[in-house]
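Colleague: For reference, the chains in residue letters:
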Amino acid sequence: MSTPASRVAFGGLMRSKWIKLWSLRSTWWLYAITIVLFAGIAGLLALSSGDWTSSYLNPDNASFGSMAAEQIAQAKASAAASAGAQVSQEWIRWDVPVLTFAQLVVSVLGVLGIAGEYQTGAIKSTFAAAPKRTAALFSKVLVIFLASVIIGAIGIAVATATSWGVLAAHGWPIDAGDPYVWRTLGGAIAYLGFAGAFGSLIGAIVRVQAGAIPTAIGFVLILPTIASLLAGMLDAAWLYNVGQFLPYSLGNDVSTYPFGEAANAAGGASASAGDVEGPWIDPVHDGFDPATGQPDPSRDSGKISVGPAAAAVALAAWLVVGWVFAQLVTKRRDV
Amino acid sequence: MIEAAALTKRYGSKTAVDEVSFTIRPGLVTGFLGPNGAGKSTTMRMIVGLHRPTSGSVTIDGRPYADLESPLTEVGILLDARAYHPGRSARDHLRALGATHRVGRKRVDEVIALAGLESVAGKRAGGFSLGMGQRLGIAAALLGDPHTLILDEPVNGLDPEGVIWVRRLARSLAAEGRTVFLSSHLMSEMAQTADHVIVLGRGRVIADAPIAEFTARASGTAVRVRSPRGTELADSLRRGGLDVAEQTDGALLVTGTTAEAIGDFAARHAVPLHELTPVKSSLEEAYLELTRDEVEYHSGAVDAAATSEGANE
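Residue numbers (my numbering), protein chains in the order written: chain Z, 5 to 339; chain S, 41 to 353.
The shape of chain Z in the complex, shown without the other chains:
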């Protein structure tokens, strides 16, 4: 007898997971709190930026001390050119701090989305209705990814608008057309999607909430801290470089405003921008000659910086690895 393809349609599984996600009060609460925090932190940071006329970022307020006249002219031109990037950076500077919190919320909701089913026994209904399991797991991860992206998009839209409103009211010349702003915010939204999906995969692998939530938080926050502490203690550049590929660092890479790149593009290569990172992986030129105090590439520490494009690929790789594990254990497990 041939084995007929299951008539359990993927669309039906998606609908089922969608109903499940939104029929829990905890989902609404956590997502609502996330959006409020996005708006609140963005508003507060924008308020703390003060008036444009008195801001140190305003090239008109720059003081050049005792430089020669031609140096001053050069510096002024450079400052004017990078002013746009400065303002853009100020506009979305809430993005990394809020994301640190928001990624925890969406990760935990991702964990709960699957570990919660194991814990309550609802997984039995789920797998009985979709005995091949893989499709059920995939639909769950996809729904959580989409929900995280939607919440991220709403939160980021609200925060961007709030920050814009406050800064614009204080005279800041915001350029809403800055492509780097939108690329950065897009990266932030995608990273939240990643955090949710990755959390759900951890939930699928660990399945006990009390173990899965700390695992997810550990991955997001604790592991990078340990890696960077150890790298510092052991003076191990390789460990530092490994740390650059943990989700948290990668998240920062895709969601940090690329000031150097933006300022460069605006024609205002600024000395203070230091190394201008590319979208892929670049060496960090942090070597200097201790005798002269001058930069010396031959003495570089061997550290690397991960650009947003490389970070996006690495995040996708994390999801693939997580999926392979989650799928393997889900297929085999007795529930």
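Keep in mind that the hints were calculated from the coordinates and are not lab data.
Please note: incorrect hints may appear among the correct ones.
Some but not every residue of chain Z turned toward chain S, in silico, with C-beta under 7 Å [what the hints assert, rightly or not]:
no.	residue
1	G16
2	L25
3	S27
4	L28
5	R97
6	V100
7	S129
8	A132
9	A133
10	V170
11	A172
12	D338
Using N, Cα and C, we set each Cβ at its ideal position, and we do this for glycine too.
Given the coordinates of chain Z, work out where chain S should sit on it, guided by the hints.
Modeller: Relative to chain Z, chain S alone:
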């Protein structure tokens, strides 16, 4: 039709289900009996693919569960009264389950009404009593209007009205030609519901028979006797090699012989009798007898469960 062939499940060195084979036919209510830990739930989980058999196979209408085209509309299952998220309402739980198979709101409302959950359908299921949870589980099993029903301990936690409801439901579903397979550890419950009984002990099938045959096979040879000279009678019977137990109301329960034989014996010794009643041992007793034998046969030592069963007699 559910067919199991040498179905076996081992957890490490412990064998939970040991080469179990049976056929569960449509149009009948088949009861699945056995003490706690006999392997009933494990067997049921293997039928629906939630647990992987160590060896052996089980099919539903000729196919492994995982190969069913539309599991929810072919097989309805209740395996765990708490197989829902406590934060979700009964209606949302059923809607989410139905969505996987395009079962719409109309059917969801039908099974809610069928299970008598209308008044609580919108409330968080976490606040449900065991009985209400059980009703929700049965509603979920019926959601896809399936041809086969597998219900693990469906009456557990139900009030008397609920027990009667499940009994009637099981009977009417079987009467419609469906396959109904339900487990219980209470023989008395099965006696009133099932047409056919499979008894599991220590992971093995120890009986597989129509309930009538089971009753007949098990029906005992005990006779209840009351006499004003009870003590004297008891002593005489014991001397004759019979087993006599004195009951709290002063009557004697004699096993190993017939009412006729005792009547003749009493007449010969001129002992007046006030009562002489053949007692059919109840199904429950027959079932305990069966499972106790099985336990003893297997372990070679009386374990805690067998001891307590023995103490009940």
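Colleague: Next step is simple, just say for each hint if it's right about the structure.
Modeller: Consistency of the hints with the structure:
1. G16: Constraint on G16 (chain Z) satisfied, holds at 5 Å.
2. L25: For L25 (chain Z), the interface hint is violated, since the closest Cβ of chain S sits about 9 Å away, which is over 7 Å.
3. S27: This hint holds: S27 (chain Z) lies near chain S, its Cβ roughly 4 Å from the closest one there, short of 7 Å.
4. L28: Hint on L28 (chain Z): holds, closest Cβ of chain S at ~5 Å, below 7 Å.
5. R97: It is violated, given that the least Cβ distance between R97 (chain Z) and chain S is near 37 Å, above 7 Å.
6. V100: Status violated, d = 32 Å.
7. S129: Nearest chain S Cβ about 5 Å off; hint holds.
8. A132: 5 Å, holds
9. A133: Interface hint status for A133 (chain Z): holds (4 Å vs cutoff 7 Å).
10. V170: Cβ of V170 (chain Z) sits 37 Å from chain S, so the hint is violated.
11. A172: With Cβ-Cβ at 42 Å, over 7 Å, it is violated.
12. D338: With Cβ-Cβ at 4 Å, under 7 Å, it holds.
Consistency note: the structure conflicts with the earlier hints numbered 2, 5, 6, 10 and 11.
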